[in-house]
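Residue numbers (our numbering), protein chains in the order written: chain A, 1 to 313; chain B, 314 to 555.
Just so you know, these hints were derived from the structure itself, not from any lab.
Cβ coordinates follow ideal geometry from the N, Cα and C atoms, glycine included.
Any given hint could be a false lead.
[Stated by the list, open to error] According to the in silico footprint, chain A covers these stretches of chain B (three or more CB under 8 Å from chain A): (1) 329 to 343; (2) 401 to 412; (3) 508 to 521.
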Amino acid sequence: MVDTTLEKTAARPDVWDRMSRVNPRRSLILFAVGALLGLGVAGFGLFTAAGTKVSGVPAEDVAMINGRHILRSDFVTQAQIETALPFDQTSKEQRLKVLNEMIDEELLVQRGLEVDLAASDPDVRMAEVNGVQLQVDADVLASQPSDQQLLAYYNAHKDKYAGEGIMALRDLVIRSDDNAPDEALAKAKQAAEAFRKGGESDNIAATYDLKDSGKIERGDLFDFAVRIKLSPELYAAAQKLSAHQASDPIKEGTDIHVLLMEKHEAPPARSFAEARDAALQDYKKDEQTRVENANLRYLKGKADIQLAPEFRQ
Amino acid sequence: MLVFAAFAYSEIRDYLLGRELLVASADDIPSDPTLLAYANGLGKAAFAANCVSCHGGDMKGNQAKGVPNLTDNIWLYDYGRVSDIERTVLYGIRAGLGKSHNVTDMPAIGRQKALNPDEIRDVIAYTLSLSKHREDPAAVQRGSKIFQDKGVCYDCHSRDATGIPDYGAPNLTDTDWLYGGDEKTVYKSVYDGRHGLCPAWIGKLSFPTIRSLAVYIHSMSRESAESPNNRSASGEAAGKSG
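Extracted from the complex, chain B is given alone in its bound form (with noise of 0.2 Å):
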């Protein structure tokens, strides 16, 4: 009898609480301990029977497959907020479904015959020196122009190559690199494209689970610094202090 009342307890606990979870702001959450206790537990769980397998079992990813760290402050689309992450979850990337994030993918420069090797190298000499790798100048300067004409990169990237968080296009200019950031690899990103996937869980997961992932996920990892949410908090610092 108490075994039975124990699990019936646990039992309408969870589905209170996972209704709680669904109806609250998804980027409340994280300031709702309760709710952010019981969303971590459901999405530690989630996330090591659907997303250990490509992102790891340390959510680092792998740079071999093109697999985002999870861990860090870098995000490929918007800013990492959970509704961010959840709206990942939930559509995928290029994953077929017209909600996918799909606006666009790395294009095949080189296979397309868009640019020549000699110019492919350019631009990627100029883009190298944008993290600071020290490049032959002259190539650099060659890069630049193909980066805001020929090559249409700034189309994606945007002129001053810090990427569009919209397109899932990259930052240029910081170190990290989603394949790798040596020549040989670059290159091949710029000439072969690269058109990563990451599968929708709509209908293959529950709801509370789908949100409690982007929760975990959340947990683990941080809001860019162009979050609308980092940008707010320094406005109200930067309020206070002046």
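Pulled out of the complex, with its shape left as it was, chain A reads as follows (with noise of 0.2 Å):
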């Protein structure tokens, strides 16, 4: 007897086993049509795209823009400044005004950190740096030093402190002769001898050709006045000088000068007291910059600066 069964299910097609083995054309097609579909999505994702969209606004903003809050305290206080109205007496027009004016303000700040404004605009730039550094001074602008410590920054800068001394200088001068530069140098020396002996300064500079430059008023004169009246380094030799003391001769292009200290009073200290207010002034600077400075060395620690081969250390 024939197994017709058999004969049967041999006869019939299995349409699995068909699809189960490997046929390199249709595997093919259906690559491609994958490949297409995927570039499809991912083209109609790119040239559509709305920003990061997130379900729901957490309950204390009354705004969620590409994911940044607006909080309902500051819509509020926004909605009460613009309109000098207690919040709850506001219409609901007038909130909605307030509320479209702060999207768009925070559509624009976005915008501008997209663009990189604080690259290209100086005025952006500022604002962020005075804003951050106001972060940083906070607290050192709000507190105040106790009396011990501010003593202590005053004994360790007394000398700041101090007040100003007084001159009474002559800075007598001789010009110097190209033809004759060394005669003036040496009238110069023997004019300083004279001065050091001793004798009628009038004399001993018209003895030597020396004449007063007229920069300095005879008479006396606070430190502060002779050093803006003379150059640094003439001002350095003469505060070395004490009373009825010369210099030796300092030469300043073509003019030799011969500076003699006629009087000489040292600043006066002042005491903590005295002194106080600018020395909390000076405390509170330098804490800033203290404070300014170690924000500036934690940014660096952590950023990754890397510098063109003419400026590395």
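Two chains, two separate frames, one set of hints: put the complex together.
Here it is as structure tokens:
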């Protein structure tokens, strides 16, 4: 007897069996369709991108713009400022107007960040720098040092808080002659020696052809006034002179100077009570500088800073 | 199983109440018993953990450090409504944030040599006379002129010296003094200036906690007489009686 079941089974095509066999042509077609579908989805997403979407607005916010918050508290404050009314007395239209303005502002701020406005706009850069510095300085600006801290600061910087010293100084010059440069220098040296031995200064100056430079009035002057009128080199030389002392000749350009100190009173020390105001200002300024430098050190420490070869240390 | 259910119930309730607390208008919360009770519980714990070190366990502040009393109806900034207090808790006072209360502070009038010591003493005599201290009439008169002119005191404290809440400039006509109302302390305030600070809690505490703190502080204090809530309430009363 013939087994008809087996015969029928053998005769009927097995679809699954066909599909499970490797078919290169079918594989390629499916691969191409999948790739095209994927490209289509990616392209659609790319060209219709609408920003990050979050589901729901947190309870503390009145709106979320691309994931950034607009706080209810800020919205209420803004509405009260703009309408000059308590919030519960503002109308729905007023609230919506304020909200739309805040949304517009947020969008523009985000756009500014997107286009990196700080890189090209000096005003934006300055505002950011000032804002960050204010945050860093906030504690220093608001705090006051204790009396002990301030006294310690004063003691460490006492010389800064001395009063002004007094000088009565003559700045005598002889012009150096290009034809006989050594002659003027020799006269200046002789004059300096003569001043040191004592004697009437006008006579000595006349003897050696020295004249007042005209930069300093005769008589008592505060240290700071002398500092303004003389060059740094001359002032530094003057500071070392005591009363009735004369400096060595100092050449400046074509002039040879001899300084004669007639009177020199040292700056009087100011007591802590007298200098307290200035010490407090300096203390706070130093503290501000300290925290700002510490902040910059911290930022540099975690930054990736790369320098062009000619600026590498 | 029951413990877990109770825990789950408590967490879900907290979440829902917290959300409701934030969604509600800040100034309406005191009139909602459920939210008020919830916020006061959370706020009291948050105050104990974060604010007591400056404002004290009794919330009466510290005059030696210029920390204000939070149980009265005197407010440097705004009017003591829940929304006002919330803003201060969020962004602080001179805390370095752009939204902090930071329009101005008390400048160091003496150290900056805007007024000399005698002029400062005269303007103090005038100021103290406003709160009914007995002062030398001649000094009061000189001080009044300085207040309205050279000292530029009116610019922050207003012409009638009652202060400007937008600036945090205090009322000088009452007997409430942040740092002390004796002549020596007031002299120091004018000479050296004052720059009190309250930190900003945004980013440090959760938003429900910040709002709860504001509600709790509001519950323990009173709004100022100038508060729009008090003005509208008195307006309604006048309307009813009229």
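Against the structure, the hints come out as follows:
no. : hint       : result
1   : 329 to 343 : holds (count 10)
2   : 401 to 412 : holds (count 7)
3   : 508 to 521 : holds (count 5)
In this structure, none of the earlier numbered hints is contradicted; all agree with it.
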